[in-house]
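One line per chain: the protein sequences are A and B, in this order. Each residue of the first sequence is one higher than the one before, counting from 10 in our numbering. Each residue of the second sequence is one higher than the one before, counting from 10 in our numbering.
Rather than coming from a laboratory, the hints here were simulated on the basis of the structure. Glycine included, every Cβ here is placed at the ideal spot set by N, Cα and C. Be aware that a few hints might be false.
[Stated by the list, open to error] As a list, the in silico DSSO-like pairs of lysine-lysine whose alpha-carbon atoms are at most 30 Å apart:
{"hint": "1", "chain 1": "A", "residue 1": "K135", "chain 2": "B", "residue 2": "K149"}
{"hint": "2", "chain 1": "B", "residue 1": "K286", "chain 2": "B", "residue 2": "K130"}
{"hint": "3", "chain 1": "A", "residue 1": "K130", "chain 2": "B", "residue 2": "K149"}
{"hint": "4", "chain 1": "A", "residue 1": "K52", "chain 2": "B", "residue 2": "K130"}
{"hint": "5", "chain 1": "A", "residue 1": "K149", "chain 2": "B", "residue 2": "K130"}
[As the list claims (entries may be wrong)] Beyond 12 Å from chain A on every Cβ pair, some chain B residues (computed):
{"hint": "6", "residue": "I86"}
{"hint": "7", "residue": "Q151"}
{"hint": "8", "residue": "D190"}
{"hint": "9", "residue": "Y329"}
2 protein chains.
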Amino acid sequence: MLIVQKYGGSSVATPELIRQVAKRAIETKNQGHQVVVVLSAMKGETDRLLGLAAEMADSPEPREVDQLISTGEQTTIALFALACQRMGERAKSFTGGQAGIRTDEMHQRARITGIDPSRIKTELAKGRVVAVAGFQGMDKEQNVTTLGRGGSDTTAVALAVALGADTCEIYTDVDGIYTTDPNICENARKMEKISFEEMIELASLGAKVMEIRSVEFAMNYNMKIHVRHAHLPGTGTIICEEDIDMEKKPVTGVAYSKNEARVTLLKVADQPGIAAKILGIVSASGIVVDMIIQNQSAEADPLTGRSHTDFSFTVPLSDYAKTMELMEGTAQEIGMERIIGTDNIAKISLVGVGMRNHAGVATQMFQTLAKEGINISLISTSEIKISCVIEKKYTELAVRALHDAFGLGDAPDVQE
Amino acid sequence: MLIVQKYGGSSVATPELIRQVAKRAIETKNQGHQVVVVLSAMKGETDRLLGLAAEMADSPEPREVDQLISTGEQTTIALFALACQRMGERAKSFTGGQAGIRTDEMHQRARITGIDPSRIKTELAKGRVVAVAGFQGMDKEQNVTTLGRGGSDTTAVALAVALGADTCEIYTDVDGIYTTDPNICENARKMEKISFEEMIELASLGAKVMEIRSVEFAMNYNMKIHVRHAHLPGTGTIICEEDIDMEKKPVTGVAYSKNEARVTLLKVADQPGIAAKILGIVSASGIVVDMIIQNQSAEADPLTGRSHTDFSFTVPLSDYAKTMELMEGTAQEIGMERIIGTDNIAKISLVGVGMRNHAGVATQMFQTLAKEGINISLISTSEIKISCVIEKKYTELAVRALHDAFGLGDAPDVQE
């Protein structure tokens, strides 16, 4: 088999941990596999370098920041190759550019435009372990680019696809994907398998195990991902296409996020293009809107002949103040009565591909929250997800109540 | 003018010093020049990375060491570019590979095989300051290579040649080239000008200001070098072709080295090829021999009909033990009576292009040493240099006596 293994920053935080990672890669090779290892920068290193950049300039130029922070992964891959050498194994390290990873020129958030895996293939054919710097690539002018935070996952999946790998193993500091946050819910259960779609929803909802873009990439190319703990044994969680072996429950997991704020525009003129106008203002400032809710407008005002609607959306907590400012500055232009907002919210979400065929999940969710006396401020649904915005202080209570109500904790593991 | 400036590790040891270097480069540009800046790794960084490499493997593979330590300069150039940005100047940084510096594949001591300066030229034409990582290049397989210690000087000179620069400024932590070590000789005098040939001799004799290979390179292409202090004002020293403005004195400088040891083979059979055989054994072990002295052999032994000679050479102190071992192991094969050696030596050298036309420099040197009661153990001469090996404890005394005897301290500076 050809296996791509990715190890995150906390798995390679020290020379000793790098040695352990090298040992694991070599063991995999000795089982008869070809192994490509994608490595992140040693934990803390990227932040150290970003700190230096911030010390030098206020809004450091992205091209130079990439030139700077890409040294983090380059250091790790070289140390990994040397660790392999000590164990009698010849490994070869490649920066993103050397590995043939081509990207567009959007520094700090570049997208992979193509991979030429020929050099990696040549080294694999020679029986070598290949180490590739995650998170980085090269644009067509040979500038170093980075893929943005979590980009090492993307590197691993994209390489796995380009190499036609059999599996892509993501080694991290948790032992798999859980039905909900084990820190909140004692009986949270590790899942053996989860579908790409569910993982994407969970990732977007704040499950920090994998970066969402890399899961989307894996789904598009049907590349099986195996999430495992870097230094502990265990079967981990497999992320793959929905299959008949998967759990038949309508709900697979409960996710939550405390990192959003809500903005509501009251009595907005209900006319074509108004939503686009509002969101256009927000996104032009680089703010990413999450939930967007607009109700059916009330009857037209009998006096003016005009109709109005209320328009709500959520933004990252860090962009809340800026968003409120923006909206207040354009209130007149948009035409509304009042703006209200709060950062005292949490978003609770149920995820599951089984939801598609099960009526009543939403109803049961609302009932469960109501029974705990939790008021719902916004609701948003997708085919395999229902999210509710509630008051922040109820977060843990809501997660536990829903986890219990949908029987997530006590279900038996599906056999591998 | 197009000016290449090179700053060493101690000149960019901290973010604050990098800012000062950026300021100097920008000032140069604002005087109407095009500026390319070659930077070393921040002081201590290369050693830190080499320490990490040594921690990972006993004899770390050179390719991976280069992959690792090249991050040092890459970090500096990015920080430099960001420092320029803060001062309102758009700078662009290039690794050796990005700058078009091609080398052979001899990792850790690669030689530059060619430079494609088109990208640098494009950026200069846009009015940008260009920062290039010193000490590194890329082989034809896109592996990162390094040029060996001091290689940033070579990068600077080679780039200056390739770009057709008007001058190559080497900024360092001394303010120029001195007639001798000011730490030993109070009235040592900074020289305004010195010829390439003299600088090569001084560099090879232990003057640590510039790496010898880079001076040779500059001489071959007649690229004027200007050595200056990175953070102090001053006129520095210009290294250029010998010209009529240069000092008319026969001796320009006194150099010394305490980093050698002497090995003498007594009564070696005096036959063709014996010197090549001895040195072949030494150099096959990667040991660099400095002085080589063989006396005219004595009359042939009347009994055996054979003639013998004594053969001496000096090696770096660090290779002394290994050399003695090698020689003892091959004594029989070579055919000699005895091997003697000592590391209790120093080499004192007089350098000066004027020596060519002045008889009596050697005589005056030997007389001066004799007057101080210093015995000479080896003598070696070249066209512009005389070196004597003496007992180590007399080093400082010999340097001062010779510096005075040849009137180096009290001579007036030649006007620029």
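Quiz item: Which numbered hints does this structure break?
Solution: Hint check: 2, 4, 6 and 7 fail, others pass.
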